[in-house]
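Here the structure of chain P is known, so what remains is to put chain U in place on it, guided by the hints.
There are 2 protein chains.
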Amino acid sequence: MKRIAIDMDEVIADANERFAAWYQRDHGIVFAPEQLSTTRFTDLLPEEHKYLINEYVYHDDFFKDLTVIKDSQKVIGELYKKYEIFITTAAMEFPNSFLPKLQWMKDHFPYITWKNIVYCGDKSIINADYLIDDNVGHFKRFIGQGILFTAPHNVNVEWDVRVNGWKEVADMLL
Amino acid sequence: MKRIAIDMDEVIADANERFAAWYQRDHGIVFAPEQLSTTRFTDLLPEEHKYLINEYVYHDDFFKDLTVIKDSQKVIGELYKKYEIFITTAAMEFPNSFLPKLQWMKDHFPYITWKNIVYCGDKSIINADYLIDDNVGHFKRFIGQGILFTAPHNVNVEWDVRVNGWKEVADMLL
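Chains P and U, in that order, are what the protein sequence lines are.
Residue 24 is where the first sequence starts when you use this note's numbering, and the numbers rise one by one after that.
Residue 24 is where the second sequence starts when you use this note's numbering, and the numbers rise one by one after that.
Treat identical chains as interchangeable: a pair holds within one or across any two.
Listed below are the simulated DSS-like cross-link pairs for lysine-lysine, each with C-alpha atoms no more than 27 Å apart in a straight line:
# : residue 1 : residue 2
1 : Lys87     : Lys73
2 : Lys138    : Lys73
3 : Lys138    : Lys163
4 : Lys129    : Lys104
Rather than coming from a laboratory, the hints here were simulated on the basis of the structure.
One chain only, chain P, in its complex shape (with noise of 0.2 Å):
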């Protein structure tokens, strides 16, 4: 059974919303859809705005009930039977995830269990055949085939397969 490895962050969980909404809270600032799906969300701040990054990220709060990125439950649902699945997230740099990302999961993927998640840094150490990441920089030296989910920081990345949205995941995997 081939095997895919999977990220939460602008891949499974709405992250950058988020940031967009906290942001508004803090500033009263709107954004319009187009500009959130077209541009790295520190990009759409004014420079004296831009810790809030840091800020946001770090906070216990931040990675508590994001929304689910459309189709992800519908299409893994699927993958689940043909496919080993696993879920791979840099968490490791953010120990305030840690106990939200394992209740995430535990709310909207219940089938996928503690023996399935994995939080790491370098995803060099992942081994599996597929890795569906938002972030070009863990297909380096993966083993495997690295698939680039379209989010807002990556649309001018170059890379070879990518995917634009869990549909298409679908059409490729299933």
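The following block gives chain U in isolation, referenced to the frame of chain P:
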């Protein structure tokens, strides 16, 4: 550069000693070193106390300040010059261990950063040349060579590559 994955509990961190210390604290019973080093701790307990294992291991303080396994700092320091080192621990089963384990690594192996620390469940997800672990179950689907690190619970387990302590790891890999 070849890569070594190294487990934590009973390989670099002495969880067994913690079980014995807490049991002594709670019930005043002291086991002989020979008993502790050759017998699974659960098997030393009377039937009515076996439940304590689960109570201890899920306690918030269980993984704090564990004793470093003899010679591991010296030998891993040497291995680090010749190999990529990753720490791979099945921490996902014990959410109470997430923060203490990260702190423990900072305290005792500060040059091994979050990028090279992995919390997982099923270690077949690990892509490395060697896995030094006290649990032979992790070797069955592991992509590289499993090296069984002797611990009380595995003295009678069959595995072709075994090391009795870190000096034997040095002899094998340095």
